[in-house]
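S.K.: Given next are the chains, with one letter for each unit.
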Amino acid sequence: MSETTQTMDAVITEPLWRIRLRLMWKGFKKNWALFAENKIGIVGIVIIVLFALMIPAHPILMATVWDPRIYDPVIGYDEILVEKEVVEEVTDPSTQIQVSIAKLDYYHLDPELGDTITIAEQPAPPSRQHLLGTDPLGRDVFSQLMYSTFSEFVLGILAALVTVFIATTVGAVAAYYGGFLDTFFMRVADLIIILPLIPIMILLGAMIDLQLWHLAIIIGILVGFGGTTLVLKSQALTVKVKPFIEAARVAGGSNWHIIFTHLIPNLMPLAFLYMMFTVTTAIFLEAVLSFFGLMDVNMSWGLMINVAQSQGYLLSGTRYWWLLIPAGAAITLLCTAFYLVGRALDEVINPRLRQR
Amino acid sequence: MGRYLVSRLLQIIFLLLIFQTLLFFLLEAMPGGIENQFIGNPDIPPEAKQIIIERLGLDKPVGERYLSYLGNFLRGDLGVSYVQYPKPVMDIIVERAPRTIVLFATATIVSFWTGFVLGKQLAWRRGGLFEYTVTMGGAFLYTVFTPWFGLIMIWIFSFKLGLFPVAGFLTPQKWTGAPFSSNRVFGLLILTIVVFCILLAALYFFTRKLAPWKREVRLAGVVLLLGATVALWAASPYGPYGWDIVHHMILPVITVTLVAFAGTMLLTRNSMLETLREDYILTARAKGLSEKVVRDKHAARNAMLPVVTSLVLGLAGILSGGIITETIFSWPGMGLTLLQAALTEDIPLTVGAFTFVAVIALFAHLVVDIMYVYLDPRMRVQG
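Residue numbers (the working numbering), protein chains in the order written: chain F, 1 to 356; chain L, 1 to 383.
Keep in mind that a hint or two might mislead.
[Unchecked claim] Non-contacting residues of chain L with respect to chain F, defined by C-beta distances greater than 10 angstroms in every case (computed):
| hint | residue |
| --- | --- |
| 1 | 44 |
| 2 | 49 |
| 3 | 147 |
| 4 | 164 |
| 5 | 174 |
| 6 | 192 |
| 7 | 195 |
| 8 | 198 |
| 9 | 200 |
| 10 | 224 |
| 11 | 230 |
| 12 | 297 |
| 13 | 345 |
| 14 | 373 |
[Claimed, not checked] Taking CB as the label site, the calculated pair distances span:
| hint | chain 1 | residue 1 | chain 2 | residue 2 | range |
| --- | --- | --- | --- | --- | --- |
| 15 | L | 330 | F | 129 | 30 to 40 angstroms |
| 16 | F | 253 | L | 127 | 37 to 47 angstroms |
| 17 | L | 22 | F | 129 | 45 to 55 angstroms |
| 18 | L | 224 | F | 325 | 24 to 34 angstroms |
Hints listed in this document are in silico derivations from the structure and should not be mistaken for laboratory results. All C-beta atoms in this analysis are idealised placements derived from N, C-alpha and C, irrespective of residue type, glycine included.
In isolation and in its complexed conformation, chain F is listed as follows (with noise of 0.2 angstroms):
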């Protein structure tokens, strides 16, 4: 007896955790070839990557090159001159401006016709130093895309990692115990699916002032034990019946012990795929509560959007193209991004779904 022990102590020289990190590290190389396989999710990969840099650059900007009280995302102002000709007709809108809106009380002049004049113009088109324009309050448009960036990836992230925790927990726990606590998490799972999650938001909305932090938890809670909890249960279900699950109990295992150490971590990485979906949701609900008007908060995509259509801009087409494309492509690009990423792990941890 005591002669296999130590043989056993002679074979495993290295500590533990080394071996596990080596493990790890095999298993993540032999996936990263299988996710790199698929193009869809390194383009989402280099995207993300993309907007992650923004979130250091933007104080770094800040601190250095750009004058906080030009550049400030909310509070910010730039106040750019432009001479214009006073005209009957304007044919060209950016060297000519029409008498009647020249002599409103609002520029404090009075032209004549064929004067021209110098007044302060917002929204200002892109220049050199403003690269994307200015908005129509005078706000820098690229200094306020950088900025919201942080806050859309602290959202999505929470949102994403409330999700996982509850549907993992929820999803383990109903597929191991199963009885009136699963069909009980089945119904409420049920239930949430059928509604759609924008008018809930609405309808919270209305009641409360919705923050960040707010919204991330609720969608988080309402994902979580939704659709998420749902797929992560049947998975919890296949895993259920492995015979390690039947070692463990035999070796002596508490319930709990076996839930947390042997039936979580084999959930991981579906429960990893969902937060990915998660975080789309997350941008995608915050970007159109804020397009609404109905989020407390100073700045984001979102809101970015709602002032240009709360000025009027909406429908100005390509002349305006700075107040709408910018923020929206973000909203989109972000969105898809981790959209695509979620698709590509889908294809890594669903085997059937792989090419051949």
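Following the hints, put chain L in place on chain F, whose structure we already have.
M.R.: Only chain L this time, still in chain F's reference frame:
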């Protein structure tokens, strides 16, 4: 089947009651309380405040109020709108619901069909340029920022090309002196959609066994049905008015479809890929059946089951997309009503509109369940 239907209906009513309970306690937990909206004004004398509190029943205990709330809900009394005082919420819903139902039903059918057909093709042509373009395009549209996308659609098709109206659900000038309300026309449109779908299903059902000529007979039948529908509408006095509404509806439906079809498409693709590995597909190929028959009869039919299940998930998405689309296109349905009520803090109307959306979602779920029973023979044996 009958028993199944009854039990499902009972479940829906039960769910609705739970749902109303949750709503009631959410309202109770709301900071400030509902009475402050009415009596927060310091100019109102205390006696008047007391009268308002008594009239609203706010002096009664929570349990009693909860019961009367449920009772009112079951009687169809959803209270009175604050902003459009003294219009009952139920009247507003009855007035606006048909517009949402028409938009929602059309968009669901069109987007589901488009997604299914494209997903089928996608799985079949695995790995080519076609797959990458459609998957990327689909993922882009699926996650696109819907309000922004709607604006782009309006800008291109209404503003630049002038093909469709910019906003609204009818042209008011054309309706002055119309002998009937727009809701009557909406009602007829709903009836047409339902009858058309039933006849189409009947056509497919009865032509199952006409082996050599099936395709031609079906094509002729569809053309005949479409022709008859259009002719019937054109001949009736509702014709021009119906067309006006349909004309306003085309762009919103296209928008919802483009935003929603990708979910069904990507799911059909995955489901098809899994089905294609089954032994019976190999058998079908070995029998020498044509690729098209293997794809449509053997693979797609079986791949459809999980897709229909997921339609339940999709329905919520389409409803959400429909609400955004309604606000962008100024389509005065329930979605726009919900948003406007929320923005003006008109709590009874918000709750009423939300309840309506929930009822639509629950009933759409029921319809999908019934469809599922017909699609899956195993369900028929059991149930």
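S.K.: With 10 angstroms as the threshold, tell me whether residue 147(L) passes as away from chain F on beta-carbon distances.
M.R.: Non-interface label fails for residue 147(L): nearest chain F Cβ at 5 angstroms, not farther than 10 angstroms.
S.K.: Since residue 373(L) was said not to touch the interface, does its Cβ keep a gap of more than 10 angstroms from each Cβ of chain F?
M.R.: holds, 17 angstroms
S.K.: Over 10 angstroms to the closest beta carbon of chain F is the bar; see if residue 195(L) clears it.
M.R.: The claim holds: residue 195(L) sits with its nearest Cβ about 27 angstroms from chain F, beyond 10 angstroms.
S.K.: Classify the label on residue 230(L) as holds or violated, using whether its beta-carbon is more than 10 angstroms from each beta-carbon of chain F.
M.R.: Given that every Cβ of chain F is farther than 10 angstroms from that of residue 230(L), nearest at about 33 angstroms, it holds.
S.K.: Is it the case that residue 192(L) keeps its Cβ farther than 10 angstroms from each residue Cβ in chain F?
M.R.: holds, 26 angstroms
S.K.: Assuming the hint says 30 to 40 angstroms, is it satisfied by the Cβ distance from residue 330(L) to residue 129(F) or not?
M.R.: Because 37 angstroms falls inside the window, the suggested range holds.
S.K.: Far enough from chain F: is every CB of that chain over 10 angstroms from the CB of residue 49(L)?
M.R.: holds, 22 angstroms
S.K.: If I take the minimum Cβ distance from residue 297(L) to any residue of chain F, is it greater than 10 angstroms?
M.R.: holds, 22 angstroms
S.K.: Should the hint that residue 224(L) and residue 325(F) are 24 to 34 angstroms apart at their CB atoms be regarded as holding?
M.R.: violated, 47 angstroms
S.K.: Could you let me know if the closest chain F CB is still more than 10 angstroms away from the CB of residue 174(L)?
M.R.: holds, 23 angstroms
S.K.: Does the Cβ distance between residue 22(L) and residue 129(F) fall inside 45 to 55 angstroms?
M.R.: holds, 52 angstroms
S.K.: Confirm or reject the statement that residue 200(L) sits farther than 10 angstroms, beta carbon to beta carbon, from all of chain F.
M.R.: Per Cβ check, residue 200(L) is outside 10 angstroms of chain F; nearest 26 angstroms; holds.
Going down the numbered hints, you'll see the structure goes against 3, 13, 18, while the others check out.
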